[in-house]
Structure formats: structure tokens, C-alpha cells
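Undergrad: Now for the letters of each chain:
2 protein chains.
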Amino acid sequence: MDRFEPNLRIPGPTALPPSVREAGGRQMINHRGPEFAAMLGRILDGMKPFFGTTQDVAMLTCAGSGGLEAAVVNTLSPGDRVLAVSIGSFGDRFAKIAGIYGADVTKLDVEWGQAADPQAVREALTSDPGYRAVLLTHNETSTGVMNPIRDLAAAARETSPDTLILVDSVSGLGAVPFEMDAWGVDLVVTGSQKAWMAAPGLAMIAASERGWAATETAKMPRFYLDLRSHRESAALGQTPFTPAIGVVYQVDEGIRLMHAEGKDNVFARHEACAAAARAGLTALGFALFADPANASKTVTAANLPAGHDWKPFNTAIKSHGVVLAGGQGKLTGKIFRLGHLGSVTVGEILDAIAVLERVAAEQGRRIEPGTAVAAAQAAALAVQTAAVPTTSPAPSEADRAAVPA
Amino acid sequence: MDRFEPNLRIPGPTALPPSVREAGGRQMINHRGPEFAAMLGRILDGMKPFFGTTQDVAMLTCAGSGGLEAAVVNTLSPGDRVLAVSIGSFGDRFAKIAGIYGADVTKLDVEWGQAADPQAVREALTSDPGYRAVLLTHNETSTGVMNPIRDLAAAARETSPDTLILVDSVSGLGAVPFEMDAWGVDLVVTGSQKAWMAAPGLAMIAASERGWAATETAKMPRFYLDLRSHRESAALGQTPFTPAIGVVYQVDEGIRLMHAEGKDNVFARHEACAAAARAGLTALGFALFADPANASKTVTAANLPAGHDWKPFNTAIKSHGVVLAGGQGKLTGKIFRLGHLGSVTVGEILDAIAVLERVAAEQGRRIEPGTAVAAAQAAALAVQTAAVPTTSPAPSEADRAAVPA
Chain L
73 MDRFEPNLRI PGPTALPPSV REAGGRQMIN HRGPEFAAML GRILDGMKPF FGTTQDVAML
133 TCAGSGGLEA AVVNTLSPGD RVLAVSIGSF GDRFAKIAGI YGADVTKLDV EWGQAADPQA
193 VREALTSDPG YRAVLLTHNE TSTGVMNPIR DLAAAARETS PDTLILVDSV SGLGAVPFEM
253 DAWGVDLVVT GSQKAWMAAP GLAMIAASER GWAATETAKM PRFYLDLRSH RESAALGQTP
313 FTPAIGVVYQ VDEGIRLMHA EGKDNVFARH EACAAAARAG LTALGFALFA DPANASKTVT
373 AANLPAGHDW KPFNTAIKSH GVVLAGGQGK LTGKIFRLGH LGSVTVGEIL DAIAVLERVA
433 AEQGRRIEPG TAVAAAQAAA LAVQTAAVPT TSPAPSEADR AAVPA
Chain Y
73 MDRFEPNLRI PGPTALPPSV REAGGRQMIN HRGPEFAAML GRILDGMKPF FGTTQDVAML
133 TCAGSGGLEA AVVNTLSPGD RVLAVSIGSF GDRFAKIAGI YGADVTKLDV EWGQAADPQA
193 VREALTSDPG YRAVLLTHNE TSTGVMNPIR DLAAAARETS PDTLILVDSV SGLGAVPFEM
253 DAWGVDLVVT GSQKAWMAAP GLAMIAASER GWAATETAKM PRFYLDLRSH RESAALGQTP
313 FTPAIGVVYQ VDEGIRLMHA EGKDNVFARH EACAAAARAG LTALGFALFA DPANASKTVT
373 AANLPAGHDW KPFNTAIKSH GVVLAGGQGK LTGKIFRLGH LGSVTVGEIL DAIAVLERVA
433 AEQGRRIEPG TAVAAAQAAA LAVQTAAVPT TSPAPSEADR AAVPA
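If you read the sequences in order, they're chains L and Y. The opening position of the first sequence corresponds to residue 73 in the working numbering, with each subsequent residue numbered one higher. The opening position of the second sequence corresponds to residue 73 in the working numbering, with each subsequent residue numbered one higher.
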């Protein structure tokens, strides 16, 4: 490997920026003291613009899947009818959790690689008005598809106004626009190791007024993931149980970086990286797995052509220092995935595409040298030059100091 | 504050040694790759001598309280009768969790400050043979009492051989001897931020053959905390959900340090620090809260005398850089607690006692200068000179290299 740090291009955990790494190495503090309270307040408030909400946010020490469980058990009761819209592995997981806790789950299965159709949701809710909740995946990490949550939520809300809309945005939120309040979404889950540029270990959850009200009547058993106790403790600047303080430091720093960059610039960066990934992989001859109209901005999946086995392919790529992800579940051995979320830069995508060009050359596949990298760069540049940020980065202390009084 | 880093003397999170801090600042890796698998293997194997078991250990991303919930929901079914022996806040919590998930819980409440009596457990199980499980707290962090788990487990096992014995040792394991297999304990929970010298975020759980068998028949609902999926994934060098990788790095390093120091030396260090804390606080005029026969080796609780309000007292102590914990629950404002676990040294206890001497002097309480520190040191020294370690620290690479061939 002729480099000194791998290019970690899996769809989370993502590479940590230097200041986030440093935050992870800080000494412990009292989690019941004022320093922690200030930090928790910064995080919960700092996330609200990315959730698109003015409602309370909760921070739990668990993986994103723990957050999905929290979404289910805090809003539902055994026997509640649930429409689980699944477009991949994580949609299946959301449905499975609801079933384990006694919900009466109807699956609306969408072909993997496709997004859910708002019309299908409308029809499902029209034909059967008894659903207590609809489960939606925003970004399906297993297939590289991003669902049109605004449209899906609108379809659900207009058809069945009282049905709860619960959204898994573990790998979407923070990287792309999301407007929980405006879209009428009732609960959204995200995870620290995705767009937030921190290590794994924390799930953040926001809920609407309707969502928070549901936590008061839901009868599924819960203790560790009980959002009521998290909300009560947060009002005191605490968490009900000892939090993963090192990850809290990192999320605090990650959000600081995101606000300094500016929300729209963060989104534009993800858009440019996604465009580069798609163009580069296509130029390399790979067919993209996801419907182009709903391609994810945070992870791109590509088909492995016949005779192109994942294991030797991955070994070759890793030998040059790029870490990709294989397929999950029924897609194992059929696709590979290139993650582009969190601290990702266009340069890192070009680097990954360059290594894929190199592996192609080593394996005797004919690709004109530089064409894939050029295609990736052209696609990124098209986004970068089209993007007109509507939010500006906050001036740094140094900038402020440099302004003459 | 005339120092440069606080002396964090709460009973967890504990201060991180330098190399553990550095581990927390490392870059992320693929949690489905060989590097993570090797690390997970080292941790699970490295913990076994401290659990006193040859059985499988599971590592979950959650707080210790999540580990307690895992203990309950993985071994029990709704309606199961449970004897919950509580000697404080955390015993109450263990019982509460079992109740939330539908167990039929009988509390055996012990006066706070006292340990549980094996004879009382024997009688409870004799008078009513239908208990599926007994819940025990090893180290009750809220009162500074350490239960005699060996004797309590023996009493339970001899009276009711098939009853599961589930132990909360979140703040005990790793700091004092524990022999899960030899004592006939069925499940033990511990937490990364206690004896293991790492940040919070991971709970480790070991189970006996009987305990693992119970996970196959238990009917309480579970997904995120399901020990079966953790065991299956661990066999592949993985966790079922994305783990708190930064904390995993730290626990890996913490265990390395513990093995380098030697198990018995770790225990002797905790014993010396505990003796110093008790002697120092007593010499300062505080009455210790816990029954001396069962005083905790990891946290010491002392009564706040009449007229000695916690808030101004704590403010004064904090102003000199020592961070203590107040009382929890019904002990709020009545006691304070001094933690001595994890990376604690006798010097740090002397420092805390010195600050308490200083605060006493500032507040006009008459204590002969140096007497409390001297008493603490004498108590530590008595342990240090009596301790004859039966395990030696593993020779370091440097030591090995220094041995002539």
C-alpha cells in the first residue's frame, strides 16, 4: 500500500477529521456536571436545523439500530397495525423490530434498487385506514437508494392524517436537506458515525408533538431506550444513563464543523461527491444498482459484473488502501458500495476511482487511463459550479479578529 | 484551581490513562474487517480472567443500564417470578427493569448501607421455590457497599439449584476478584467506564451454559440487546450492529494495561486506594455510610454531617480541582461519594484527601494539618506491604528483549 492512511469509503463509520479525532482523545468529565450540560445543549440545539425541527431532540448511547428500536417501542403498542415500507435491508430491519415487539406489521416491499412510490403508500393507506404508523427509510444504506420522504410523508398524511410517520434517516440526516416539521414527519432517527463525522455510539432522535404525545401512551415495554426519560434528563442537561462521553465530544466537534461550513455547503459537498462517485463508477464500466432518479447522496452501489468476484476484487482494492463495502443480505457478492458521507471530499472520491482504475488496469480490463477520474471530476465540477449556497459559513474567531474595528 | 487537570473522583466515568486517551483519538476502521475482528477477540478473551469464566462474553454498545436490561430480557419471560435483592439505587433499577418487561418481581430490600445477607436469600428461596431468577448487585455504586456474591450465589444455588443468578457488576468487575464459573453465577454485566479504564459506551456480559441456554427460551421481546445475535456475530469477529469503535479501541488498550499490571496487582491497587479513602475520610471526621464489613473497593460513601450542605461543600472541593459525586435518589444531600476505580492511584486518593483537609481548614473545622493524609497513606501502605501478588505482571517486549538469550 503506497499511502499512509486508508481511504475509508464504507457507508459509515466514516473517517474522522483531525479535530474530531482529537476530541475523541480528551479526558473524561463528570456527566452530571455543567461542562457536560453545556455540550449536550449545543449538540441537541445544533442538530435541530439538520432535522428541520424546533422540537426536542434526544441523544441515546446506542447504534442506529438501537435508535430504530427506540422509534418503535416509544410510539407503538402491541397489536398496533403498522405499514412497513421496505426498500432494502434496513427497511426490513425496521419492520422486524416492530414485529418483535408485537406490532401487527404489513410489509410494503419495493424492489431493491428502487425508491418507494408515494402512490403505493397512498393506496395502501386508503385500502386499509387502520394503520397506527408508517415506517419509512430515508436513505437505504444497503441499496444506495434515497427515498423521497417529503412526497411519501405527504401521501401518508393526506390519506391517513393520524397515522404516525416514523423515519430511519440514520445514514441520510445531516448530509441532505430534511424538514421534519414542514414535511409532517413524526419521528426521525440518525446516527453519530454517518453524516456527523464522529465515531459510532450515539443515536439522535427528534419527534413531533404528535410523536412525543405517542411516547406517553405507547405500551411496548422499554427502559434503556425510553425517550421519556431521555427528554426529562435533557431538560436538566443530562442523560438518564452514563453517555458515551468520548463520542459526545466528537459529535459536538462534528456539528461545530458542519455549522462553520454552512448547512447548504455541507449538502452541496455531498451532492458533488455523489455525482463524482456515480460518474466515475459508470465510466469504469460498472452498472449502478440504484434507480438514477433516487440515487443516494451518501452511498453508491454498483453491480459486480459476471466473473467479477467480490473477494479478490476487494483484496486488490484494499491492497491499494481503499476500503469499500460489499453487498448486504441477498446482495452479498452481487454489488459493492462506495460510501460518501460525513467528512468526505471530492478528492477522496477521485482517489477511490483512481484506485479502481488501477485495479482494472492490473486485471487487464481496458479502460483509457484517466477517463474514470476525469468523468468523476467533471460531474463534481458541474455540481460545484451550479451550487449557489443560500447559507454562508459562520465567520471564525480568527476572521472576526481580522476585521478592523 | 491551582492545578492543570481535575482529579476525577466520581465512581465512573473514570480518568483515562494517557495511552487510553490516545486510543480514543484513533481514526475509524471498517467494523466488518479483520483489524476489528482481532481487536474484538482480544477484548472478549482478555476479559474472561476477570469474569472468572471460560464461557462466551458479549460486548454491547450501551451504558451499564442497557447491560442490565440485556440481562433481564435475554433470560426471562413475562410472568417469570424473580427475586430482586436490592441494597440501593442500582438494585432498585435492576428490579424495575424486570417489572417493566412483565416479570413477577418480589423485592428483598436491604437497608441502604448494608450488604445482603446470604441467610435472607436462603430463606426467601426456601419459603417460595418458584423463582426463575435472583437479581444481585455486586457493587452498589449508590451506597458504596460490595455484596458477598460468592456467598449469596452459594445460598441461592444450594436452596434452589435451577434458579438463574444474574449479577450487576457494572462497577465491580475488573477491580476485585470475581469467579463467575466457580461461584455458579449465570450472568454478569460490566461497563467500560468503570474498572476497565475506558470511556463509557460499552457493556460486557458473560453468561454460564445455563445462562446462554436461557437466552434460547426467554420470551421477553428484544432486538438491539439480543445476546444471541451478539454471540453469533462475535463468532465471526463482529458485532451485530455498528459498535462504538472509539470505545472499543480504549477498552482494548485498558485490558492490555490491566494484563501488563497483573490481575492481582490491579486488585491490590484498588484495595489500597479503598483503604486510603476510608481512613482519610474517617480521619477528616466523616462517618462512613457503608457497613465496614462490606465496604466497596471501588467507591466510598460518607455521611454529610448536619449543617454540611452538599452544594457549597462540593463547590469548595471543585474549586480546588477535585470532582466528587453527591448522593443519588433518597441519599441526595445526605452523603457524598469518592470513587476509586479504574486507573486510580494511591497518590490520587491522597490528593483528594488533601483537598478535603484544605476545605475543612478553609471552613474553620479543626483538623490537625496532615493527619487525614497520613492516615490515608498508612492505610494504603498496610495493604501494599501485606499484598503478596500471586500473579506476576507479564514481561513487556522490552523486558523480553533485555533477557540474554
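Because the hints were derived from the structure by calculation, they are not lab data. Just so you know, even glycine gets a beta-carbon here, dropped at the ideal spot from N, CA and C. Just so you know, not all the hints are guaranteed correct.
To be verified - Calculated cross-link-like contacts (lysine-lysine; reagent style DSS-like; alpha-carbon spacing at most 25 Å):
(1) L/Lys291 - Y/Lys291
(2) L/Lys179 - Y/Lys291
(3) Y/Lys406 - Y/Lys383
What the hints assert, rightly or not - In silico negatives: residues of chain Y with every beta carbon more than 12 Å from chain L:
(4) Ala87
(5) Thr125
(6) Asp181
(7) Gly185
(8) Leu329
Undergrad: Please write out, lowest number first, the hints stated earlier that are contradicted by the structure.
TA: Violated hint (a single one): 4; every other hint is consistent with the structure.
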